[in-house]
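K.L.:
Model the full assembly from the supplied sequences, consistent with the hints where possible.
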Amino acid sequence: MQPKEIYQKNILLIAGGIILCFLFEFLLPSPNFIFPYNLWIVIFLFVFSFSFYILLRNKKIFVFLSSVHTSISILTIYLFFLLIMGFLPQNDNNSLISKFGLTHIVVSYPFVFISLYLILNLLLVIWKRLFFPMNFKNVAFLFNHIGILIVLIFGSIAGFDLIKLDMYAEKNKPVWYGFDDRRKIKELPFAIELKDFKIEFYKPNIQLLKIENENKLKLIKQASIDKNNIELGNAKIKILKKVNYAWFFEDSVFSSYTPGYTKAIYAEIVTPTEKINTWLSYGTIAQKSRFVRLGNYVITLSEPQPKKYVSYVKVYTKDEKVYEDSILVNHPLDIYGWKIYQKDYDHDLGEFSNVSIFEVNYDRWLSVIYFGIYMMVIGAVLLMFTVNKGGKNVNNL
Amino acid sequence: MLTIYNFISAFVIAIFSFNIFKIIYNYRKNKKSFVIDILQVLALLLMLGFIVYYWLSIEREPLRTLWETRLWYAFFTASIAYLFKLHWKMDYMLIYGNIITIIFILVNLLHPETFSKELMPALQSYWFVPHVIVYIFSYAMFGIVTMMALFNEIKKIKFKTSIQDLDDMVKIGLGFLTLGLVFGALWAKKAWGNYWTWDPKEVWALITWIIYLLYIHYRFGFISEEKYVNKILIISFVLLLVCWFGVNYLPVANQSVHTYTN
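Which chain is which? The protein sequence lines are A and B, in order. Everything in the first sequence is counted per our numbering, starting at 49 for the first residue and increasing by one. Everything in the second sequence is counted per our numbering, starting at 19 for the first residue and increasing by one.
Source of the hints: derived by calculation from the structure; they are not laboratory data. Quick caveat: nothing in here was measured; it's all calculated off a predicted structure. Just so you know, not all the hints are guaranteed correct.
[Claimed, not checked] Selected chain A positions facing chain B (in silico; Cβ < 8 angstroms):
1. Pro137
2. Tyr357
3. Met424
4. Ile426
5. Thr434
[As the list claims (entries may be wrong)] Listed next, the in silico SDA-like pairs over lysine to any residue satisfying Cα-Cα at most 20 angstroms (straight line):
6. Lys391/A to Leu141/B
7. Lys284/A to Trp214/B
8. Lys135/B to Ser350/A
9. Lys387/A to Ser143/B
10. Lys355/A to Phe133/B
11. Lys355/A to Trp73/B
12. Lys275/A to Gly239/B
13. Lys356/A to Trp145/B
14. Lys212/A to Lys135/B
15. Lys387/A to Asn212/B
16. Lys387/A to Pro139/B
17. Lys135/B to Asn277/A
18. Lys336/A to Asp299/A
19. Lys355/A to Ala206/B
20. Lys135/B to Asn276/A
21. Lys135/B to Lys185/A
22. Lys135/B to Glu248/A
23. Lys355/A to Ile117/B
24. Lys355/A to Lys178/B
25. Lys178/B to Asn436/A
26. Lys391/A to Gly211/B
27. Lys266/A to Val125/B
28. Lys251/A to Trp145/B
29. Lys57/A to Gly239/B
30. Lys251/A to Phe133/B
31. Lys208/B to Pro354/A
32. Lys391/A to Ala206/B
33. Lys355/A to Phe146/B
34. Lys266/A to Ser134/B
35. Lys311/A to Glu136/B
36. Lys355/A to Ser143/B
37. Lys208/B to Tyr384/A
38. Lys356/A to Met19/B
39. Lys391/A to Pro139/B
40. Lys185/A to Ser143/B
We put the beta carbon where it would ideally sit given N, CA and C, even for glycine.
P.N.:
Encoded structure:
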């Protein structure tokens, strides 16, 4: 088959498929392949593609479907969908483009169609290449393609099966349930009791901001308040006093470690035209920020950013094990395959927060997907060693 | 910090510009000179020295802001160009690499950094450095490849690269790009509970990955045809730049969790 013929047929096939799928999208509810139906589809795909290879590998249809030109056609259309997604915010609304699935592309019929076609093409190519002589290039090929196939297939179906819940834990109250995205309660095979919540903040910075317009301030420069003499643009700042747990009542400042406190500095700010002595602080739930305005610029303190937050928890499992552990961002807890993530806390109360918000999720396909990912890693490394010597065919130099 | 950076940058730009002109001069006079190597290595050491000094003084991994990614990018591009110059014994590799490096240093000089030492909890992970480094490395490879493709397209320029060399560099770049994508997925699983969420930055990363994947398949399917090679590579790099810098300006930006680069 000539490449031109393959492209022509693919254009017809894909265009037809996609138009049909846009109709489905308009008329039918979103596709939903939950376990075990998705597993059946996967088994069917494997069996079907293998028998296809065994029975029809010398026929025109197999050459067509497993051709690299078909891969190029599919990837181009796949890229086209991704570009729509890259430009169009994926929020559903009642507009016409939403009804045709363009605001939820990943779960729309046309995208499912092109993904399935991609999977079929990958499967047939892999069967074909599995029976090729095993030289280095072929091994690299197989690692890359099988890895991607596994991630693509199981990543797609995992989306339908993923259990994802939010869990709100108050101090000293065991919780054994979470809320799904429709706010429905789901019971869990374990309970978690928040024993303590600790949070550390970075120190606030002293900042020079430019007033771009009424709603926008642009950060020009910032400095740590550890030093006593700071230069920000034209302004020379001398910190005269620091109050860690400051409360302002009019112009008097008191110190009290209670929710709503701010950190404040008393500074002498000298610019070429003026000299100001003033308090600077960031805003909290209870207090306004204190800043100084110099023409089109503002000097103030930034709100401290969280450095680290930890929930100390007690876990109760169904088989009556009880143990203590901690959960922080990037260090989820694993309870029989359930993963517990530190998601959020009460921002208004900060370190006084009595609540910690966890995300709990369970993905039955995770280990399969990891297997595919590791194959991709090996494949990527092998790919780099398939390059030729190079540097020989240079013109004009 | 900024003063040191400005000083080093001026020095490095001077060296790299000198090397570009020296290579063209040598080519015309059919000469070779060792001074190019000495100067290039000196400039690379200066850049590396600054990165080390910066890393130590910022007290966190210096890979968070766009300014910092450009800092590494400039260093990687110039280094890769030099490695390929040695490997392929082709001086003109430095022209490509040094031009890009100079551009990126200039962009950094025009957009000074605010040097925040903060690193939000989501970024405090052992995946942070490998994820970003392999990405910047692959971007550097693709930057050089794009320069080569551009030079190939411009008729007036005599330095032309063979398509086979472009293919090889794209394969290495794609290898690193794949690693970056995959490390990102493994990290996301640890940090947010999902290896893939179709976040705008992820969508654009996938777009970049697929366009280079398409290039490889195109080359596999049309071994003897070279008509679109340079054009595909140039378009690919434009998409890569959208992924790197442009996402923040698109209508999808406010849906992204990758907002710490601002």
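K.L.:
Each of the hints needs a verdict: does it hold here or not?
P.N.:
Comparing the hints with the structure gives:
The interface hint given for Pro137/A holds, since its Cβ lies 5 angstroms from the closest Cβ of chain B, which is under the 8 angstroms cut-off. Among the interface hints, the one on Tyr357/A holds; its C-beta lies about 7 angstroms from the nearest C-beta in chain B, closer than the 8 angstroms criterion. About 5 angstroms separates the beta-carbon of Met424/A from the nearest beta-carbon of chain B, less than 8 angstroms, and the hint is met. Residue-level restraint check for Ile426/A is violated (minimum Cβ-Cβ distance to chain B is 11 angstroms; threshold 8 angstroms).
Nearest Cβ of chain B to the Cβ of Thr434/A: about 6 angstroms, under the 8 angstroms cut. The hint holds. Taking the CA atoms of Lys391/A and Leu141/B, the gap is about 14 angstroms. The hint holds against a cut of 20 angstroms. At most 20 angstroms may separate the alpha-carbon atoms for a hinted pair to count; Lys284/A and Trp214/B exceed this at roughly 47 angstroms. Restraint check for Lys135/B and Ser350/A: satisfied, since their Cα atoms lie roughly 13 angstroms apart, inside the 20 angstroms limit.
As the CA atoms of Lys387/A and Ser143/B are separated by approximately 17 angstroms, the hinted pair is consistent with the 20 angstroms bound. At most 20 angstroms may separate the alpha-carbon atoms for a hinted pair to count; Lys355/A and Phe133/B meet this at roughly 16 angstroms. The suggested pairing of Lys355/A with Trp73/B holds, with an alpha-carbon distance near 18 angstroms, which does not exceed 20 angstroms. The suggested pairing of Lys275/A with Gly239/B is violated, with an alpha-carbon distance near 63 angstroms, which exceeds 20 angstroms.
This hinted pair checks out: Lys356/A and Trp145/B have alpha carbons roughly 17 angstroms apart, not beyond 20 angstroms. The hinted pair formed by Lys212/A and Lys135/B fails the criterion: a straight-line CA distance of about 34 angstroms is larger than 20 angstroms. Among the hinted pairs, Lys387/A with Asn212/B is consistent with the structure: their alpha-carbon atoms are about 10 angstroms apart, no more than 20 angstroms. With a C-alpha separation of about 18 angstroms, the suggested pairing of Lys387/A with Pro139/B holds against the 20 angstroms cut-off.
Only pairs whose Cα atoms come within 20 angstroms are accepted, and Lys135/B paired with Asn277/A is accepted, the gap being roughly 19 angstroms. A distance of roughly 12 angstroms separates the Cα atoms of Lys336/A and Asp299/A; the hinted pair therefore holds under the 20 angstroms criterion. For the given pair, Lys355/A sits about 19 angstroms from Ala206/B by alpha-carbon distance, which is consistent with the 20 angstroms threshold. Taking the CA atoms of Lys135/B and Asn276/A, the gap is about 18 angstroms. The hint holds against a cut of 20 angstroms.
Distance restraint check for Lys135/B and Lys185/A: the Cα-Cα separation of roughly 45 angstroms exceeds the 20 angstroms cut-off, and the hinted pair is therefore not satisfied. The hinted pair formed by Lys135/B and Glu248/A meets the criterion: a straight-line CA distance of about 15 angstroms does not exceed 20 angstroms. Restraint check: the Cα-Cα separation between Lys355/A and Ile117/B comes to about 39 angstroms, which exceeds 20 angstroms; the hinted pair is violated. At most 20 angstroms may separate the alpha-carbon atoms for a hinted pair to count; Lys355/A and Lys178/B exceed this at roughly 51 angstroms.
Annotation: proposed proximity of Lys178/B to Asn436/A holds, straight-line Cα distance about 18 angstroms (limit 20 angstroms). Straight-line distance between C-alpha atoms of Lys391/A and Gly211/B comes to about 9 angstroms, which keeps the hinted pair within the 20 angstroms bound. For the proposed pair Lys266/A and Val125/B, the alpha carbon gap of about 18 angstroms is at most 20 angstroms, so the pair holds. With a C-alpha separation of about 25 angstroms, the suggested pair Lys251/A and Trp145/B falls outside the 20 angstroms cut-off, and the hint is violated.
Restraint check for Lys57/A and Gly239/B: the C-alpha separation of about 16 angstroms stays at or below 20 angstroms, so the hint holds. Restraint check: the Cα-Cα separation between Lys251/A and Phe133/B comes to about 14 angstroms, which is no more than 20 angstroms; the hinted pair holds. Among the hinted pairs, Lys208/B with Pro354/A is consistent with the structure: their alpha-carbon atoms are about 19 angstroms apart, no more than 20 angstroms. Taking the CA atoms of Lys391/A and Ala206/B, the gap is about 13 angstroms. The hint holds against a cut of 20 angstroms.
About 16 angstroms separates the Cα atoms of Lys355/A and Phe146/B, which keeps this hinted pair within 20 angstroms; it holds. A C-alpha spacing of about 15 angstroms is found between Lys266/A and Ser134/B, which places the hinted pair at or below 20 angstroms, so the restraint holds. Simply put, Lys311/A and Glu136/B have alpha-carbon atoms about 17 angstroms apart, close enough for the 20 angstroms limit, and the pair holds. Taken as a hint, the Lys355/A and Ser143/B pair is honoured in the structure, with Cα atoms around 13 angstroms apart against an allowance of 20 angstroms.
For the given pair, Lys208/B sits about 16 angstroms from Tyr384/A by alpha-carbon distance, which is consistent with the 20 angstroms threshold. Between Lys356/A and Met19/B the CA atoms are separated by roughly 27 angstroms; this puts the pair beyond 20 angstroms, and the hint is violated. A C-alpha spacing of about 11 angstroms is found between Lys391/A and Pro139/B, which places the hinted pair at or below 20 angstroms, so the restraint holds. Taking the CA atoms of Lys185/A and Ser143/B, the gap is about 34 angstroms. The hint is violated against a cut of 20 angstroms.
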